[in-house]
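2 protein chains.
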Amino acid sequence: MTTLARSNRVRRTWWTDAVDAAGCTAYTVYNRMMLPASFGGTDVDCAHLKRAVQVWDVACERQVVIAGHDADALMQRLTPRDLSRVRPGRCAYVPICKNDGGMLNDPVAMRVAEDEWWVSLADGELRLWIEGMAAAGGYSVRVFEAETQPLAVQGPLANELTGRVFGAAVRDLPFFGFGRYDFDGIAMIVSRTGYSKQGGFEIFVEEERLAMPLWDALFAVGADLEVRAGCPNLVERIEGGMLSYGNDMTDAETPFEVGLDKYVQRYDCIGGAALKRHVSDRRLMAVEMEGPVPVCDRRWPVMDGERRAGHVTSAADSIEFGCGVAIGMIDRDWAPGAAVTVETQDGPRPARLRENFWA
Amino acid sequence: MTTLARSNRVRRTWWTDAVDAAGCTAYTVYNRMMLPASFGGTDVDCAHLKRAVQVWDVACERQVVIAGHDADALMQRLTPRDLSRVRPGRCAYVPICKNDGGMLNDPVAMRVAEDEWWVSLADGELRLWIEGMAAAGGYSVRVFEAETQPLAVQGPLANELTGRVFGAAVRDLPFFGFGRYDFDGIAMIVSRTGYSKQGGFEIFVEEERLAMPLWDALFAVGADLEVRAGCPNLVERIEGGMLSYGNDMTDAETPFEVGLDKYVQRYDCIGGAALKRHVSDRRLMAVEMEGPVPVCDRRWPVMDGERRAGHVTSAADSIEFGCGVAIGMIDRDWAPGAAVTVETQDGPRPARLRENFWA
Numbered sequence: 000m001t002t003l004a005r006s007n008r009v010r011r012t013w014w015t016d017a018v019d020a021a022g023c024t025a026y027t028v029y030n031r032m033m034l035p036a037s038f039g040g041t042d043v044d045c046a047h048l049k050r051a052v053q054v055w056d057v058a059c060e061r062q063v064v065i066a067g068h069d070a071d072a073l074m075q076r077l078t079p080r081d082l083s084r085v086r087p088g089r090c091a092y093v094p095i096c097k098n099d100g101g102m103l104n105d106p107v108a109m110r111v112a113e114d115e116w117w118v119s120l121a122d123g124e125l126r127l128w129i130e131g132m133a134a135a136g137g138y139s140v141r142v143f144e145a146e147t148q149p150l151a152v153q154g155p156l157a158n159e160l161t162g163r164v165f166g167a168a169v170r171d172l173p174f175f176g177f178g179r180y181d182f183d184g185i186a187m188i189v190s191r192t193g194y195s196k197q198g199g200f201e202i203f204v205e206e207e208r209l210a211m212p213l214w215d216a217l218f219a220v221g222a223d224l225e226v227r228a229g230c231p232n233l234v235e236r237i238e239g240g241m242l243s244y245g246n247d248m249t250d251a252e253t254p255f256e257v258g259l260d261k262y263v264q265r266y267d268c269i270g271g272a273a274l275k276r277h278v279s280d281r282r283l284m285a286v287e288m289e290g291p292v293p294v295c296d297r298r299w300p301v302m303d304g305e306r307r308a309g310h311v312t313s314a315a316d317s318i319e320f321g322c323g324v325a326i327g328m329i330d331r332d333w334a335p336g337a338a339v340t341v342e343t344q345d346g347p348r349p350a351r352l353r354e355n356f357w358a
Numbered sequence: 000m001t002t003l004a005r006s007n008r009v010r011r012t013w014w015t016d017a018v019d020a021a022g023c024t025a026y027t028v029y030n031r032m033m034l035p036a037s038f039g040g041t042d043v044d045c046a047h048l049k050r051a052v053q054v055w056d057v058a059c060e061r062q063v064v065i066a067g068h069d070a071d072a073l074m075q076r077l078t079p080r081d082l083s084r085v086r087p088g089r090c091a092y093v094p095i096c097k098n099d100g101g102m103l104n105d106p107v108a109m110r111v112a113e114d115e116w117w118v119s120l121a122d123g124e125l126r127l128w129i130e131g132m133a134a135a136g137g138y139s140v141r142v143f144e145a146e147t148q149p150l151a152v153q154g155p156l157a158n159e160l161t162g163r164v165f166g167a168a169v170r171d172l173p174f175f176g177f178g179r180y181d182f183d184g185i186a187m188i189v190s191r192t193g194y195s196k197q198g199g200f201e202i203f204v205e206e207e208r209l210a211m212p213l214w215d216a217l218f219a220v221g222a223d224l225e226v227r228a229g230c231p232n233l234v235e236r237i238e239g240g241m242l243s244y245g246n247d248m249t250d251a252e253t254p255f256e257v258g259l260d261k262y263v264q265r266y267d268c269i270g271g272a273a274l275k276r277h278v279s280d281r282r283l284m285a286v287e288m289e290g291p292v293p294v295c296d297r298r299w300p301v302m303d304g305e306r307r308a309g310h311v312t313s314a315a316d317s318i319e320f321g322c323g324v325a326i327g328m329i330d331r332d333w334a335p336g337a338a339v340t341v342e343t344q345d346g347p348r349p350a351r352l353r354e355n356f357w358a
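Top line first, the protein sequences correspond to chains A and B. Numbering of the first sequence is given in numbering that gives the first Met the number 0, commencing with residue 0 and proceeding in unit increments. Numbering of the second sequence is given in numbering that gives the first Met the number 0, commencing with residue 0 and proceeding in unit increments.
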C-alpha cells in the first residue's frame, strides 16, 4: 500500500475536498483526474451500493463536446454503432475504434441537440483523436472539453433520492434517457446512466459554484436512505460484467473480442474496413476463481495444464457469490465450463470458465 | 494521505516489484503507468540525489517510434524546433504544439537512425496525435509504441556508476548524446539525459528479461557510491527550473509563455501560423515563497493586493535555499522583485518574483 502523490498534473475535482472528508481511503487516476476507489473497503462499499444509495464523484468522465453543422456526421464517422435513431434526449454507448479496428474508447455519448454531442470519456486518449479527425476530415464542428463535471447517484434508492432533489418527474426518465431538471433554479442535465447495475443517474454540473450545494443537498435529504459517498465498485462491476477500458480492453482488442458485437452495425466508420474482415479466435468471458484473489494489477495467465488459454484482465473476491469473480480474454478453443488455472502473483488459483456473468 | 488503488489499467513497470521492495512510499500515475514519487521523503531524496547517485524507474516515459521514409519530415512537421542539424546519435528537446500553438507535449526525441526517431513522452496524449497526423498527411511511416522501458541513473556519481556497468567509454557521451553500450552481451541504448540538474543517463531497456539484471547490477557495483532507488524529485526540479508538462504547462499555454522561445525556430509546423502571430502578456517565472508550503495540487492565485498577477503551478519547500520554491505563470505587468501574495489552500504566503531559478 503506497500513497498517491498529489500534484496539479493529476487534476482535483470540484468534490475532492468533500470526498476526502467523507473518508475516501484510496484513489485511482482516471483521465489524469482523481477518481475515488474505496471508502469503507470494496466489500463494505459493494454491499451498501446494492442496498441503499451512493453519491459518486465521477468528474474524471471528461466531457468532450462535438458541436456544429457536421457534429452528427463526425460522430457517425467515429463509431460502428448506427446512430441514426438516437434522437436528442437520448444517450448511446458508442465503441470507438482505430483504423485497425482496435478499441480506442467506449464512451457514452449524449445527443444534447440536433447538432451537438457530449462524449463521456472512458480512460483514454480520445479528445485529440476526435480533434484530429475533425481537422483532417474537414468537418464543420467545434471540438472542446466542456466545463462540466458529472456526479453519479447509484443504488436501488437512487430513484428516491434523486427525485427528492430534482422533483418526482426525474423518476420517469427511461434507461439512457436524459433531460434538464431544476436544482435551485438551475436546469441541470440528468441522465439515467451510470457505471453500476444497481440503477441510478448521472448529473452534469456545469458550474463549480453549484457542485458543493448539489452534493450537500443530496446528503441533506438522503439521511433516512442511508446515502453515502461511494465510487465505481470493482466487485459489483465484475459481477455484472461491466467492462473497464484499460483493464478489460485496450486498443489491441476489437469490439468483437470484448463482447460488443451488437454495437457493430455499420462499416462506413473509421476502422470499419478492418472490422468487416475481422476474424478472431478469442473473446472476453466470466471466470470463476477460487478465492481469495490478490489485487489484479497485471494480466494473469489462464492455463489449461501446459497450454495457455488466455489471461485474466480484472478480478476481485465476491462475498455475494462466494468466489473470486473475474473477466478473462480466452481463446475460443476453450468453452464455458472448462476447468483452468489462473496464475496470480500470489500463486495459482483453480478456476472455471462461465457462460454468463453473475448479476 | 490516501493510497493509490492498483489495477491493470494503471500499468506496472518491469521494476515495480523492485521499487516497492526498495521502500517506495508514494506513487503518481504518469502516462497511465506507475511512477514512484517518494522513498525517504522528498527532502531526504533531494539531498541524496545532490550528493550521490540514484536509479529511477521512469518506464512511464513511453517511447513512441516514428520509423520509415518520411520519419524526418513528419517529425519536423510536429515541432517548431529546427531538427535539420540533429544527426543520428543525438537527442533533442522538442516542444510539440496543437494548431492553435498550445503545448501538447515536451518530449525528448532521440534520432536513432536516419529514418527513425524515438519520442520520449511527457504525460500527455501524444501517441494518437502523431498517428493521426501521419495518417492524415499521408506520411510513409510506421508509428507505434516501443517495447522499451527507460531506467534513469542520476546524481553526481552517475558517471562513475554507469561507467562501472557499461564501461568507461559511456562517460565520454556528450550532453544529449546517446550510443549503444554493452550490458551482459546486449548493446543497450544509453543517453546522457534525465529529469534532474545533477547529470546522468537514461538506459533504454528493450526486453523485460534484462530489466532486473540491469537494476541488480547497478546496485551490486554501486554500494560504495551509496546508490539508492529514487525518482524525479519535486524540490530539485523546481530549484533548477525544470518544467513539468501537466503542472507548469498544458495545451492552454504556448512555448513562448513557458520560456521555450529558443526552441521556436521554424513556423512550417503544426501550430506554426498561430505561433507566428502569437502575442502574450504572461510568462512562467520563479516565485520565492515564505514556507512552509502545502502540497501544490491546485493552481494558487498570485495576488498583488486586490489585483491578480497570475498563478503558481508547482511549489515545494527547499532546505538548500531555505524558502518555498515555486513556478508561476505571471502577467507581464509584474517584474522580478515584485512582492506578491500566494493564496494556498492553507492560507496566504508572502512571496517575491525572481529573475532566475535557484540552481
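What the hints contain is simulated information worked out from the structure, not anything from laboratory work. Here the structure is a predicted model, which means the values were calculated and not measured. It cannot be assumed that every hint is accurate.
Rough simulated footprint, nothing fancy, chain B against chain A, three-plus residues with beta-carbon under 8 Å [unchecked claim]: (1) 30 to 37; (2) 147 to 158; (3) 182 to 189; (4) 236 to 250; (5) 261 to 267; (6) 322 to 331.
Don't be surprised by glycine CBs; every beta carbon is placed ideally from N, CA and C.
So, going through the hints one by one against the coordinates:
1. 30 to 37: holds (count 3)
2. 147 to 158: violated (count 0)
3. 182 to 189: violated (count 0)
4. 236 to 250: holds (count 4)
5. 261 to 267: Result for this restraint: violated, n = 0.
6. 322 to 331: With 0 residues close enough to chain B, the hint is violated.
Checked against the numbered hints given earlier, the structure breaks hints 2, 3, 5 and 6 and satisfies all the rest.
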